[in-house]
Amino acid sequence: MKHLLAFLILTFYVSVTAAQSVRPSRVIQGTISNNRGKPLLSAKVFVPKTNINYASNNQGKFFFSLPENTYQFEVSAPGYLKQVIEISLLTDTVLDVVMETPYGGLALDDVDIFAIASRKVSNAVSGHNTIDGAMIEDLPAVLGEKDVMRSMQLMPGVAAGSEGSTEMNVRGGSSDQNLIMLDNVPLYNSTHLFGMYSSFNPLIVKNASIYTGAFPAAYGGKISSVTDVLTKTASMDSLSGSVELGITSAKGMLEIPLIEGKSSLLLAGRRTFIDLLQSLDRSGQSEHFNFYDLNAVWTYRYSEKSSLKLSAYQEGDAVRLMTPGDVKREDAFGKKQRTMAIQWRNFTTGKFNQEVGLQYNLYRSRILEDRPDLTYGPYRHEFTSQIKDLAATYQFQYRPLDFLDLRAGSSYTQHRLQPAYFSGHDNHQPFSVYSLPNATIGEVSGFAEVNLTYGSGRVVLGVRANQFHSRPKAYNSLEPRASISQQVGNTLSLKAAYAKMSQPTQRLVNPGLGLPLDIMYPSDEYIKPQVADIFSAGFSKDLKIGNSRYTLSADGYLKKMENIISLKDGYDTRSVILHNAANTVFKTENIQDMLVMGKGKAIGADFMLEKKEGRLSGWLSYSWIRATHQFDGLNGGREFRAAEDRTHVFNAVANWKINDAWSLSATWMFSTGRPINVPESVFESSAPTLEGNHAAAVSYLYSYGERNSHRMKSFHKLDVGLTRKLQLWDMDSELNLGLYNVYNRANASFYYMGKSFVGESGLRHPTLKAVSMFPVLPAVSFKVRF
Amino acid sequence: MKFLRGIFLLVISLLSISCVREDIIPLKSGSDQQKLVVFGFLTPGNSVLIRVGKTQPFGSAEYKAADFHVADAAVTIRNNEGLERQLEPVATQPGLFKLSQTGFPIRPGQTYHLKVRAPSLETVTAITTVPAEKAVWRSVSVNGFFDESYGGLTYELNGSWASVNEGASGVSYGVALIYSYDEAKILQYENEGIRPTNDGYVVKRDIYFYNNLVTDVALITRDKHYGEFSRVSELTNEVLNYFDNAEFADIISGFKGVIPQGSNVQNGLGVFGSYLIESRTFHKDK
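So the protein sequences, as listed, match chains A and B.
At the far end of the first sequence sits residue 851, using my numbering, and the numbering has no gaps.
At the far end of the second sequence sits residue 332, using my numbering, and the numbering has no gaps.
Next up, chain A with everything else stripped away, as it sits in the complex (with noise of 0.2 Å):
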């Protein structure tokens, strides 16, 4: 919008300009796209000779018009060539731009969601999706936030892990199985504070894409779905940047040019402020809740055909409850991220480009329970998991032919993992255990793709193999990958994928009720690498109904796993921290012992209509899906429903333009509940006594009927976002407002057991709770871009 505002501005002042001029205007029009036809919006188009910049719309289109006579235009773009176009402008002129990217397909960022309808058509793929930052910013905020993992939940296929959770499951997956990426850099947790926001700043994210099936062969390490979020690349020309500030949290970013036209740097960060107000209230017990992200991003582009990009990345959280007074206590629960990333690219020729990079990524939990001042035992227990990476990467990509085109390349990853360290005192009696061993483990991996283009149609092959190397164990993975595209008549396209993944790292998810708990699981000599073969099919089909266009998409799937684990009954990851340690119920000596390896199914379709033009724009996405376990040590062995199977997913996503100043947004999101396994019925126990009697009515216990048989209530909500586009001292500015969860629907964000009341027999009542955690919430944010 506010390229379309700078448009509209623009030609304004040269259609003045223009007509004060003696010789007649002639009107130049066209396109700036890329060169797989993807429209830039963000192209400019300068015309040195009267020192005026134009810029492309949100559909790259530009329009403007010039008194006759010769010009050169230089169009140019973030991430593509300048291309230099001499023009002898005497007649009315239609000029299509096509941008040359020197890091071309290599350019993982190469993906834009500004397609019309019918490029989804003629670029359909099984299972991916883009969403851009005009589209996250055009969504409902939740508590001041537009999110783009958030976003991402409303994709066919995908459902929200909770209620006000950015964690994903995709296609059956556990919120584990997906490989999030921040520029390329893979994150070991994408969210903060358990996942109410996700760990990306809205102001520079650029766009995001989700591979749900046909992977390409570049991904590998996660076996359900792939999401790469890119950053916006600073500009080059001006200083520019943007200020946000909402209810919970504030947030700012900064484009700074450093060399003209050659080097930039992107400053953004962000940070709530509740634990700030917080700290007002000197009254009793306190809760703290915090994070914040920063980014930085230095591009130095020193030749037309090279260019270096150093990144990084950092974020926190922590969460806090202290009780001050005479028996202080304090319950904490933190984690850290740090990634840090070299690229190095070069557009060799017009068929030949690479990209060399190394990467560091640093992840850290913790959790803290601090008894000081406890009469009987005080005691303090600090656990960590932390895992550290280090990678080197390198991939090319060749273009022969105008319909061949090859990609392939290489990485090498040491990971440092000390998955779960306990340490502290009890009563002063110092204690450190390592609860599971630290680990140094080699991932070496090599893929190679190609692409061949045919009249209508696209075959994709691929291969991707790993090795995962944790002595004194080898697992080794050959993963092929396919897809196909046909496209029949203008309209309709059919597609079809299939894709190997494997995963060699998995994080220990908690099977029963409550909040998760990080610790990361490397594969060894007895848990092996989780494989999944994805199947699907579908197609992609245009629609003219009435003056709209719409693309109604549908996609089959059949996804298969291996090797994925879960703890056995009676344990939980409390259990891993404490295992070796004294004071718990079910413990081993062999972290192996709480584990259990099994099978898994998913079997799905998803649907999407779209309607990407006109004043009201939005999608509707239906998934259905049938996710199953089965392991030989769970529910007697027998197959039973996944945590993730959840059978109805509906978004409706509604975007209304009502002019250029006002726009209206809403969501309505429903799925079914998630299956949880909850007592059947309720019986009293007993016990000997010294004696050698029988004391009745202990304790209730309780009787489970087959795994997961329940459900969690079903999820549903409708958001309302309202934007008002302003402007400020001369500056774009726009103020959200927002309504979350509008009917104030009790969604569970989690179950757990409790007891309610005193019975006949002496013993509290056993109830099912269920906590929800989002009422109806108000937002207000307000942007300003200078």
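Check each hint, because a few of them may be wrong.
[To be verified] Taking lysine-lysine and the DSSO-like style, the derived pairs with C-alpha atoms no more than 27 Å apart in a straight line are:
# : chain 1 : residue 1 : chain 2 : residue 2
1 : A       : 664       : A       : 538
2 : A       : 609       : A       : 676
3 : A       : 393       : B       : 144
4 : A       : 126       : A       : 327
5 : A       : 633       : B       : 144
6 : B       : 270       : B       : 250
7 : A       : 147       : A       : 370
8 : B       : 110       : A       : 834
9 : B       : 231       : B       : 144
Just so you know, the hints here were simulated from the structure itself, not pulled from any lab data.
For clarity, every value in this text was computed on a predicted model and none was experimentally measured.
Let chain A serve as the given structure and place chain B on it in line with the hints.
Below, chain B without anything else, positioned relative to chain A:
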């Protein structure tokens, strides 16, 4: 500052008025079919006592003690030599059945078969093998030490024992603390603080003497079914205590796995186990 405080109150009220809502979930129980629940803990020298009950659907409005009792069951026990006896109901305790050991001795190493029938409920069976040998304390002591953090003496139990011959059916160990103020000297919460060593086990646990003068410390050698059930009971109680009101810390720290059933009763619930016991008594002033 007033302005900030106003913002704070606004934000917190927005977040908390509404933030955490807790609902009791009315469950239409998946199991209308009631099951027999049987508890039996055999030990040499004592009468055979079997408590028989039945399940109630989880999520009922309120439970009455009588709903759980089954007084009209037929309970029989048989040893490996084919000797079978029927237990008699105890008139004063509905659901409790008894057989004097004089007519049916319980012996270490012997296997016993239980069968319980009741009208309208599926017949259940269970087997236990009494441990052949009981573990004995190699060392056991209660030490008091002064701790400034609370300004007084605290007491700690330390003990050790050697492993016994587990036999084919296996054994597990528990240590129960029975305080003199306990009305019923129940053997429960036996599993905390036990750690295996190269040649046996050690236990370390806090003892809460308060004003009580005597504490019994019982070392229990159990068959594996009893041991498993004991752990399940303890875990269940822990979960209920942790998640009593979904406090922040409890949600983070509490057990979040799936509680196993821990029953060896075929077609029913509960446990039919056996044990051998050795206890020591400690006085606070000694």
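Against the structure, the hints:
1. Between residue 664/A and residue 538/A, the direct Cα distance comes to roughly 22 Å. Compliance with the 27 Å bound is thereby established for this hinted pair.
2. Simply put, residue 609/A and residue 676/A have alpha-carbon atoms about 10 Å apart, close enough for the 27 Å limit, and the pair holds.
3. A distance of roughly 51 Å separates the Cα atoms of residue 393/A and residue 144/B; the hinted pair therefore is violated under the 27 Å criterion.
4. At most 27 Å may separate the alpha-carbon atoms for a hinted pair to count; residue 126/A and residue 327/A meet this at roughly 25 Å.
5. With a CA separation close to 37 Å, the supplied pair residue 633/A and residue 144/B exceeds the 27 Å bound.
6. For the proposed pair residue 270/B and residue 250/B, the alpha carbon gap of about 22 Å is at most 27 Å, so the pair holds.
7. A hinted pair counts as satisfied when its Cα atoms are at most 27 Å apart, and residue 147/A with residue 370/A qualifies at roughly 10 Å.
8. At roughly 21 Å between alpha-carbon atoms, residue 110/B and residue 834/A fall within 27 Å of each other, so this suggested pair holds.
9. Between residue 231/B and residue 144/B the alpha-carbon distance is near 19 Å, which keeps this suggested pair within the 27 Å criterion.
Hints 3 and 5 from the list above are not met by this structure, while the remaining hints are.
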